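> Chain order of the listed sequences is G and X. Converting from the first sequence to this note's numbering requires adding 3 to each position, the first position being numbered 1. Converting from the second sequence to this note's numbering requires adding 1 to each position, the first position being numbered 1.
Misleading hints may appear alongside valid ones.
20 Å max Cα-Cα, derived SDA-like pairs, lysine to any residue [to be verified]: (1) X/Lys-151 with G/Lys-115; (2) X/Lys-155 with X/Phe-73; (3) G/Lys-115 with X/Asn-122; (4) X/Lys-155 with X/Asn-122; (5) G/Lys-115 with X/Arg-95; (6) X/Lys-151 with X/Gly-207; (7) X/Lys-151 with X/Asn-127; (8) X/Lys-155 with X/Arg-183; (9) X/Lys-155 with X/Glu-197; (10) G/Lys-115 with G/Gly-48; (11) X/Lys-151 with X/Pro-91; (12) X/Lys-155 with X/Gly-144; (13) X/Lys-151 with G/Ile-105; (14) X/Lys-151 with G/Leu-47; (15) G/Lys-115 with G/Ile-72; (16) X/Lys-155 with X/Ala-141; (17) X/Lys-151 with G/Ile-72; (18) X/Lys-151 with X/Glu-161; (19) X/Lys-155 with X/Arg-95; (20) G/Lys-115 with X/Gly-27; (21) G/Lys-115 with G/Ile-105.
Simulated coverage check for chain X against chain G, where a stretch passes if three residues somewhere in it have a Cβ under 8 Å from a Cβ of chain G [what the hints assert, rightly or not]: (22) 8-16; (23) 87-100; (24) 109-115; (25) 180-187.
FYI, nobody ran anything at the bench for these hints, they're computed from the structure. Note that the structure is a prediction, hence the values are computed from the model and not measured. Quick reminder that beta carbons are idealized off the backbone N, C-alpha and C, glycines included.
Listed below, chain by chain, are the residues.
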Amino acid sequence: MKHLPKHLRPRWRYLAVEIESWPDAAFDRRAFQREVWYAAQNLLGDTGSAETDMTVLRFERRGGAGHAIVRTRRGETDAARAALACLDSVDGDAVRVRIRGISGTVRACEEKYIGGPPEAPQQRHVVFENADRSATVRDPRYDVETASDGAFVGATALDFR
Amino acid sequence: MYEAVYAHPDGDSTVARHALTAAESGFDGIVVRNHGDEPADYDADAIADEYGVDVAEGVEVRAENPSRASGFVGNHRSEATVVVVHGGDPTLNRFAVEQPAVDVLAHPMRGDGDFNHVLANEAAANGVRVAYSLGPVLRASGGSRVRAIKQLRKLRELLEDADAPFVVTAGPVSHLQQRAPRELVAVGEAVGFDAETIREGLAEWGRLVERNRERRRDSFVEPGVTVESEEERP
Chain G
4 MKHLPKHLRP RWRYLAVEIE SWPDAAFDRR AFQREVWYAA QNLLGDTGSA
54 ETDMTVLRFE RRGGAGHAIV RTRRGETDAA RAALACLDSV DGDAVRVRIR
104 GISGTVRACE EKYIGGPPEA PQQRHVVFEN ADRSATVRDP RYDVETASDG
154 AFVGATALDF R
Chain X
2 MYEAVYAHPD GDSTVARHAL TAAESGFDGI VVRNHGDEPA DYDADAIADE
52 YGVDVAEGVE VRAENPSRAS GFVGNHRSEA TVVVVHGGDP TLNRFAVEQP
102 AVDVLAHPMR GDGDFNHVLA NEAAANGVRV AYSLGPVLRA SGGSRVRAIK
152 QLRKLRELLE DADAPFVVTA GPVSHLQQRA PRELVAVGEA VGFDAETIRE
202 GLAEWGRLVE RNRERRRDSF VEPGVTVESE EERP
């Protein structure tokens, strides 16, 4: 279809979203997008969900860290923020979602709030509560694996002094 | 603005990790509210220095009945900066709001707990802050979330009517469950709170911490009365 004249195109706002999870989380963009829709629909209902019209544009994740850009309609950023805050897990993996900032263009959003790709995590052996454990490290964050079934404890460099 | 967190071993993240995440999210501090039987081992000052957020030592008293709870509150009052009572049971809710020694009544509506105008007035009279727990709104789904939102509304109406003090918390058990103040405000607005109410509720923890630290100083006698140092005396 012929594209709309400029004054009739929707005005978008781009949310820079920080995504943190345990290092063994394995979800991708599609799963994240699905949870975003569910979160919006559950909190805001069908009408609110349609109003916010959230789409995940950029999505990058590595180990426990990641970020995404979520597009929403101008004027709906508070509702979008609320829905994203209610995103508690993706494919059963617990996540923390934080909005770093909101911009009017994807490029501004990337430059201002996203920066480079998520840093690569390192594996280290640590002594946690008098036991040898393996930890996934994004300095100063240590995710210590306390059981082989992927139970983690979140710690920081301060806990290993 | 403060968040009240459960740290390892009561939660999945150490106090340091909670503090680091809270600092990133824009909180001014955290209150460590581990249940009394699962205390965390940490150096509050070192963590506060490292990450630039205040770390207050608190405790959440969990007991089967009011008489045991009363004993626990007495034991912890002298050491903990913030004493929270694990609510959610009609008799314990009643006990908590009647005790000026209690700072906060947490999740009064959980389980078969309930709240009414009598308790709200009592909380106002004794200065016991009642917690609006946003946790279930953020993390539950379906029927249990609907109930939680319904109960938050009931609690809000009662506390507003009685002009009772309140705090707001997401009650995170790991750093992944923390949400930034602006996010909590947005969620609060979505479930019927004023933005200002949520901000006040988050800030109230900070005022509570400051007041209790002041009270625990040696020079403190009673509100408005302190002992001056020897040199300053005429």
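> Mind checking the alpha carbons of G/Lys-115 and X/Arg-95 for me, to see if they're no more than 20 Å apart?
violated, 51 Å
> Is X/Lys-155 within 20 Å of X/Arg-95, Cα to Cα?
holds, 17 Å
> Hey, G/Lys-115 versus G/Ile-105, does the alpha-carbon distance stay inside 20 Å?
holds, 9 Å
> For X/Lys-151 and X/Gly-207, compute the direct alpha-carbon distance and say whether it is at most 20 Å.
violated, 27 Å
> Would you mind confirming whether the straight-line C-alpha gap from X/Lys-151 to G/Leu-47 stays at or under 20 Å?
holds, 15 Å
> Does X/Gly-27 sit within 20 Å of G/Lys-115, going by the straight-line distance between their CA atoms?
holds, 18 Å
> Verify the coverage statement for the region 180-187 of chain X against chain G, using a C-beta to C-beta distance below 8 Å and requiring 3 or more qualifying residues.
Contact hint for the region 180-187 of chain X vs chain G: holds, 6 residues under 8 Å.
> Just to be careful, I want the Cα atoms of X/Lys-151 and G/Ile-105 compared with a cutoff of 20 Å; is the pair within it?
violated, 31 Å
> Has the given pair, X/Lys-151 with X/Glu-161, been kept, meaning a C-alpha gap of at most 20 Å?
Distance of about 16 Å is within 20 Å: holds.
> Given that the region 87-100 of chain X was listed as covered by chain G, double-check it with a C-beta distance under 8 Å for 3 or more residues.
Coverage by chain G is violated for the region 87-100 of chain X (0 residues, Cβ < 8 Å).
> Compare the distance between the alpha carbons of X/Lys-155 and X/Phe-73 with 20 Å, and conclude whether the hinted pair is satisfied.
violated, 29 Å
> Tell me if the straight-line CA distance from G/Lys-115 to X/Asn-122 falls inside 20 Å.
violated, 49 Å
Checked against the numbered hints given earlier, this structure breaks hints 1, 2, 3, 5, 6, 7, 8, 10, 13, 17, 23, 24; the rest are met.
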